[in-house]
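First residue of the sequence shown? That's 488 in my numbering, and the numbers climb one at a time after it.
Listed next, the in silico DMTMM-like pairs over lysine to aspartate or glutamate satisfying Cα-Cα at most 20 Å (straight line):
id : residue 1 : residue 2
1  : Lys-543   : Asp-506
2  : Lys-519   : Asp-529
3  : Lys-519   : Glu-495
4  : Lys-519   : Asp-532
Calculated from the structure, these hints are not laboratory results.
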Amino acid sequence: MFTKAIGECIVVILIYVDDLIITSSNLMGIAKLKKLLSKEFDIKDLEKLRYFLGIKVANSNKCMFLTQRKCILNLLKEIGKLGV
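Sequences and hints are given; from them, build the entire structure.
Right under this line is the structure:
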């Protein structure tokens, strides 16, 4: 994880292998960082975060929900406990 503070703005980058999440207290901070990264690397912007490392991400106006439903269902199926 990397962070950079510029005045009141904080930009956070979370990296795992070839996946990364960029978040910030300011949308311009995200846009500037994506522009900088695209000059050096081939990047693919998937817009809003939906899945990361098997974790489903859902947002509401007030909070963020993280679930691993798919993983749990796969585990239950694997051990024969799904639908019991």
